[in-house]
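Q: Given the coordinates of chain B, assemble chain W onto it according to the supplied hints.
Protein chains: 2
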Amino acid sequence: MSEKIVTACVLIIGNEILSGRTRDANLAFLGERLNALGIRLMEARVVPDQDEVIIVTLNEVRRRFDYVFTTGGIGPTHDDITAECVARAFGVPLIQHPEARAILEAHYPPGELNQARLRMADTPEGATLIENPVSKAPGFQIGNVFVMAGIPSIMQAMFESLKHRLTGGEPLLTKAVAAALPESYLAPGLTAVQERYPEVEIGSYPFYRMGVFGVRLVLRAIDAGRLTAAAGEVRELVRKLGAKPEDPDEK
Amino acid sequence: MSEKIVTACVLIIGNEILSGRTRDANLAFLGERLNALGIRLMEARVVPDQDEVIIVTLNEVRRRFDYVFTTGGIGPTHDDITAECVARAFGVPLIQHPEARAILEAHYPPGELNQARLRMADTPEGATLIENPVSKAPGFQIGNVFVMAGIPSIMQAMFESLKHRLTGGEPLLTKAVAAALPESYLAPGLTAVQERYPEVEIGSYPFYRMGVFGVRLVLRAIDAGRLTAAAGEVRELVRKLGAKPEDPDEK
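In the order they appear, the protein sequences are chains B and W. The first sequence begins at 11 in the numbering used here and counts up by one. The second sequence begins at 11 in the numbering used here and counts up by one.
Isolated chain B, as found in the complex (with noise of 0.2 Å):
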């Protein structure tokens, strides 16, 4: 197996996450398109709206990983301050970016860009902008950091504007097994199945739904063939233990 596996990260950017006010809906969005492309979701982390916190994250994980998409912070109001920390990150300055200014002058009536939406135009120095084709105001890209909005409608339409701009490696395919087992009558038969096909990833993930509990395992790999073989093996295991193997993936 010597393909190169490409990395990404994601950094979520709001105290409204941390709060617990609002929850998270990009993270699985991203993970799942990503993978579709060949590109590995390694890590990804939520920050609150503070520069420093953002600026040193951001530097980190853009070194780390092979991409790095962030997520909010990129609106009118003062506590939007994305695009400024990006700026710092990368020791360019914030300026406005012409493009961006053209694009909200087409979309506002006149009179109606004030001094707060024009912010909207500020990117880092060298960026390219990110289509927005739900509210105009775009997202940036300064090398391998994708700048998107946090509003999940808007933020998927931007990752469907920048993604022929990402190279992946080859994906990774997936086979998902049900069963309502405990995951500890699985576990010694799974470890075997581990071991037996080393190039599959085999997850197991426990549910608990009322009073009964049941187990999803999942498999992941790039070679179809090992995966289909390591996923007859687990169905097999899971007959074994006298339960139904199911697609969890049917609905």
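Please note that a few of the clues may not be correct.
Copies of the same chain look alike in the list, so a pair counts if it fits in one copy or across any two.
Capping the alpha-carbon separation at 35 Å, the derived lysine-lysine pairs in DSBU-like fashion look like this [claimed, not checked]:
1. K14 / K250
2. K185 / K254
3. K250 / K173
4. K185 / K146
5. K185 / K14
6. K14 / K254
7. K173 / K254
8. K185 / K173
9. K146 / K254
No lab work stands behind these hints: they were computed from the structure. Since we're looking at a predicted model, the values are computed, not measured.
A: Relative to chain B, chain W alone:
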């Protein structure tokens, strides 16, 4: 404002969250509950089931924050490596905790406490247990690190079991105002309120639903009087802009 700010970090362990298959449900719960105890959740990290990453991350965050809460990776299967990683991070051996073993022995019918289940009695040496009223297998605390299950119902029950061990500062009080206005209309007025109330943290969180832009303004402070005054000014600002200030928590 000389009160000590008590800080926390949440460490979410699991490939499943990063792949997007499972949407985390623990962060919002912990952020809210910690805040009510006067503990500020300052950061959250999601890391994969990889020992080196877990160990390095844990050693970083347990030094930076007053409390660290981990979720995930304490079950009976091969991919449950949290206890071992925590032991290695603290530089202590992983032992079978006698009290944890006794709990499992009392819980499972004779002959059912297999090798896999016994793994759930392993803790770093010196750890104290966290009771699990749902499925018995305990979490544990070592130093300022609290290790909990990933299944939300179990994690929540464990948090209830451990919270008397936490010492918070003054809780941040919150007031929220919603308005059907684009955030850019509010921006200049909000900046002015923020300048008059530097001790009140004012967050502006836009939303976009069914073609309508709106915003939730969240004010947080320790001083109830200042918080009420600032929230009054924000409501007045919304009214001046021709909208009706609403209570977003009224449902």
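Q: Next, verify each hint and record whether it holds.
A: Consistency of the hints with the structure:
{"no.": "1", "hint": "K14 / K250", "in the structure": "neither (38 Å within a copy, 57 Å between copies)"}
{"no.": "2", "hint": "K185 / K254", "in the structure": "within (16 Å within a copy, 50 Å between copies)"}
{"no.": "3", "hint": "K250 / K173", "in the structure": "neither (44 Å within a copy, 42 Å between copies)"}
{"no.": "4", "hint": "K185 / K146", "in the structure": "between (38 Å within a copy, 30 Å between copies)"}
{"no.": "5", "hint": "K185 / K14", "in the structure": "within (22 Å within a copy, 49 Å between copies)"}
{"no.": "6", "hint": "K14 / K254", "in the structure": "neither (37 Å within a copy, 55 Å between copies)"}
{"no.": "7", "hint": "K173 / K254", "in the structure": "neither (39 Å within a copy, 39 Å between copies)"}
{"no.": "8", "hint": "K185 / K173", "in the structure": "within (25 Å within a copy, 38 Å between copies)"}
{"no.": "9", "hint": "K146 / K254", "in the structure": "between (50 Å within a copy, 26 Å between copies)"}
Hint violations for this structure: numbers 1, 3, 6, 7, all remaining hints satisfied.
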